[in-house]
Structures are given as C-alpha cells and as structure tokens.
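Position chain B relative to chain A; hints supplied.
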Amino acid sequence: MNRLLSFLFHRGVLDEQFLQLQQLQDETSPNFVSEVVNIYFHESEKLLRNLRALLMERELMDYKKMGIDLNQLMGSSSSIGAKRVTNVCVAFRVATEQNNRVGCFRALEMLEHEYCYLKNKLHELFQIEQQRDLAAGVRYPVQN
Amino acid sequence: MASPQNFASKLTALVVDDHKIYQKVHQKMLNNFGVKSHVVENGKEAVDIHWHGKKFDLILMDMDMPIMNGIEATKELRAMGVCSTIVGVTSRSTEEEILKFMEAGLDDYQEKPLTIPKLTSILHKIINSNPI
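Protein chains in written order, with my numbering: chain A, 1 to 144; chain B, 1 to 132.
Just chain A, with the same shape it has in the complex (with noise of 0.2 Å):
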C-alpha cells in the first residue's frame, strides 16, 4: 500500500470498502477503481448542489428531501469507503430530522470541505498509480 493511501487510512479519510474496490480491479477492468470513482464524484456534486439549494429556500425548507438526497449520497460514499464523508452525512441527517437549520448549515459546510478533501487526495492518488505505471512500463517494456 503506498504511503498516501496508508495516510488516508490512518486519518479515516478511507475504510476498508475502498480495499475492496482495488480488489476487484483487474486485467478485464484496469480502471475500475477510477471509473467507479467518477460515477461517486459527478452523483456527489450533483447531490450537494441540491443540498445547497434546498437549504437555500427562504420559506419551508424541505426536510425530508434533504433526507432523501443524504441517504443517497451515504449510499455513495460508504460504497466507495469514503468513511468521513459518510460520518458527516450521518450527523447532518440527524439536524434534518430535527429540523435544525443551523445544524443543517454547519453540516453542509462540513460536508463539502470534507467531500472536496477527498476527492483532491485520490485524485493525487491515482496521478502517483498513472506514474507508477508508467514507470513500469518504461523499466519493463513488452517485448513483440
């Protein structure tokens, strides 16, 4: 395991779910971590920006779709072992069955600076694999 990866274990940035996805990853799908990351990145982007727009309505403010749209991006995030975007998830669905809207915005906030934490760090991690590879490839050229 390199050195990042071990980092964002120790820090519960990642759980053992993501383990998991390396371990399927193979010679029929050599990017299926990546691929399944960016599914996870455009669904995520896509959920918080209705979060912000939902928390955003001046007159009732719709509890229970935020619930809705949380799970899903719990779902997501416990899927790909995004551990601390999954916890910040869990606390800010606990201000919206509340309904406290404070709670709800500092969650937010919280939730988008972790998700962006994340998403940066295994984006350099994939970049140090892309390099890695290559090397590879330079030090062990396939012979035809």
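Think of the hints as simulated: they come from the structure by calculation, not from any bench.
Note that the coordinates shown come from a computational prediction; the quantities given were computed from them, not determined experimentally.
Some hints could be false.
Derived list of chain B stretches under chain A, where covered just means 3 residues or more per stretch with a C-beta under 8 Å from a C-beta of chain A [said to hold, decoys possible]:
1) 16-25
2) 111-117
Here are the simulated PhoX-like cross-link-like pairs (lysine-lysine), alpha carbons at most 25 Å apart as the crow flies [stated by the list, open to error]:
3) B:Lys100 / A:Lys65
4) B:Lys118 / B:Lys100
5) B:Lys100 / A:Lys64
6) A:Lys46 / B:Lys20
7) B:Lys20 / A:Lys121
8) B:Lys44 / B:Lys54
9) B:Lys10 / B:Lys28
10) A:Lys119 / B:Lys20
With the C-beta cut set under 7 Å, the calculated list includes, among others, these residues of chain A facing chain B [said to hold, decoys possible]:
11) Gln17
12) Leu24
13) Val36
14) Ile39
15) Tyr40
16) Gly75
17) Ser76
18) Ser79
Heads up, the beta-carbon is just placed ideally off N, CA and C, and yes, glycines get one too.
Same frame as chain A, but now just chain B:
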C-alpha cells in the same frame, strides 16, 4: 485449488438497484466469480424481465428504488412463482423495514455494501442447495 471463478460459473444473477455505483460494484463482484449477471434499475424492470421469460439463480434486490421498490418487487416475483434465491441488500433500514422486506419473500438480507466473503457465502449456499 479451484479458482474462485470456477465454482460459480454456471450461475446467473440479476442485480436490481437504481444506484450506479452499486450496480457496477455488485456486477463486477459477480463477474469475478464467473457468474453471468444482468442489471436493472428498479423493481418493475425486475418483474418485467421475468414476465419475458428470463430466469436467474440469484437476485440481489435493493430496497429503496423508484417506480417499484424492493419489497413490492419481491412480493410480485414470489406471487409469479419465481423460486430464485432473492437476497435483499440495503444501506439503511430499521428492524421494522428489514422484517417487512424479509416477509415479502427474501431468502436472505445483507447490509450494503456487499462484500466478497458475503457474496461467496451466498453463492456457495445456492450451489450446495442445487448440486449439478
């Protein structure tokens, strides 16, 4: 020692989930075991595919889905006489919801995300109950 892909390569599975990540992960897990799998996005598509004559050894059924959820779909499939192993998979449920899901006709229930050891155990049970 037989490779993991050998022991389940005669089985077929249906992944019923509206969540793209789980569709991809569960299908990849099944494919790695050699299981031929098909994916549908909701309970209605799962029921329709059976009306068209398709059969599967295993159905991985999500609970919360649009159009028709997993509980309704499981009830309909059992009412149609579908005898496949149906395993409910869901990411968050109360005890009451799990009971309702089981009572709809599940053979088993697992929390998401499904892991390789859990899936191995499910596939072994199917093979052992239907020796070829």
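Ascending list of hint numbers which this structure does not respect: The structure conflicts with no hint, since it agrees with every one listed earlier.
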